[in-house]
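Each chain, letter by letter, is given below.
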Amino acid sequence: MEFFDAFAVSLQSVWNDSGFSAFTPGNGIMIIVGLLLLYMAFVKEFEPLLLGPIAFGCILANFPNTGFFGEEMNIMQAIRFGINYEIFPPLIFLGIGAMTDFGPLLARPSTLLLGAAAQIGVFVALAGAMIVGFDIKEAAAIGIIGGADGPTSIYLAIKLAPHLLGAIAVAAYTYMSLVPMIQPPIMKALTSQKEREVVMQELRTVTKFERVVFPIVVTIFISLLLPPIAALLGMLMLGNLFRESGVTDRLSDTAQNSLCNIVTIFLATGTGMMMNADDFLKADTLLIICLGLVAFMGGTAGGVIFGKIMCRMSNWTVNPLIGSAGVSAVPMAARVSQIVGMKSKPGNYLLMHAMGPNVAGVIGTAVAAGTMLAMLK
Amino acid sequence: MSQPVTTNPLIIMCINMTVVFVVLVSLSFLIKLIHAIDPTKQPEVKSDDSEHEEDAAKETAAIISKLQEEKSAPVVEEGISPEIIAVITAAIASCGVSGQVRAVHVVNNSNSTWRQNSPNKILSKK
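These protein sequence lines map, in sequence, to chains C and X. Numbering follows the working numbering, in which position 215 of the first sequence is assigned residue number 215; successive positions increment by one, without gaps. Numbering follows the working numbering, in which position 72 of the second sequence is assigned residue number 72; successive positions increment by one, without gaps.
The set of hints was computed from the structure by calculation and includes no laboratory data. Treat the hints with caution; some may be incorrect.
[As the list claims (entries may be wrong)] Some but not every residue of chain X turned toward chain C, in silico, with C-beta under 7 Å:
hint, residue
1, 11
2, 13
3, 20
4, 21
We treat Cβ as the ideally placed atom computed from N, Cα and C, and that holds for glycine.
With these hints in hand, go ahead and build the complete structure from the sequences.
What follows is the structure in structure tokens.
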């Protein structure tokens, strides 16, 4: 009899410690969402490098009794630390800087305007968020999703609305991975066949002097003007300086490969870990995701419309499709411009031309974030 | 955190868009300035359409006269296709030999090493 009592108590203890005892329908829903995202990442191949870890993090976050959200330090806590203390976003920017060629932007500086115009989505979403009841700081953090820049969205959310970090990070990264689905219909709707067929002239050669001086000058100028984003832009430009200096190949290689990959794993998994049912399954989350989509679509539309204006003003030498790359999802948005352009006119290569506004979008989103921090903090 | 300077979304939108445009336009001027002071840039050649046309005409005339100076096409025995001539010429050129193919003939030498080895190769492949 004593044996059976001990056996029953042990079984009860195992059951109480197991995840099944505390499993809620919400956890079930979020695990299904995670599985769906995994399917999109690995089967449909929608940005698997980002969406894969996000989806897996989402599944992990919804197992009860794991201790991931407790006080005890573990790997998941360490990852959350890296996000909450603004360590990962600047490191990602270091890698992006090392990977990005600023040449197209330097060769055609007018494309900076497309990067600025695409930020309209940020402010449309900001206004929308305020209308549906979010306060000004929350609205600003939600609006920045329209910049399609995950690290900047996380950076601003931590500073202005930390309680919304999970929903904002998830919306930003999800929309970034869905760029190839969201942008083309808007681009086609806003442009005519004739506009999409515009062939752009070859870019001029950019010298090494320009490539090296540019990141240094930008860092000095923007860090003095908008100190709150000095960490983000400084790291972006440092990474680019590693790339362009020609004497720091090892650092450039580490920044754009090993380091960036490691931080991407941590950042994306950590973002997925924020999709815990208790924090995520709220009406606000749904609103943020809807507003993020509005912001993203607004940014794409703003860039394309400004591209149309530039097309007319430049006597049909600028293809308006490159305007959509003004949202800063590097290099996905530029690739979408290329694909849509090629479908309209085979042989019309827009990729390098679209990289100009794409890089300008990264700077523009960071500047928009810095301005909002300066105004609202 | 202190209170925000304004909570009017329209004002925030206008101010922010203005700042973003001003900063990025300033950056475009900085890029132009860097380009202007770049000591390593190649001096821009003033391109004039008529000058271009003259240059092109001169180049064409030079090429034509060079072709005329070159000796006539190689003497090719009947039964050898132009493709074979092209392959032979390309092979000679790829060896870095300068000059011109003068004539191509079929040599019916049954003792040649190539002729002897080719059936062996075919057999070994089977």
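Checked hints:
Interface restraint check for residue 11 of chain X: the shortest CB-CB distance to chain C comes to about 10 Å, outside 7 Å, so the restraint is violated. Taking 7 Å as the C-beta cut-off, the interface hint given for residue 13 of chain X holds, the closest approach to chain C being about 4 Å. With 7 Å as the threshold, the beta carbon of residue 20 of chain X comes within range of chain C, its nearest partner Cβ sitting at about 5 Å, so the hint holds. With 7 Å as the threshold, the beta carbon of residue 21 of chain X comes within range of chain C, its nearest partner Cβ sitting at about 5 Å, so the hint holds.
Hint check: a violation occurs at hint 1 only; the rest are consistent with the structure.
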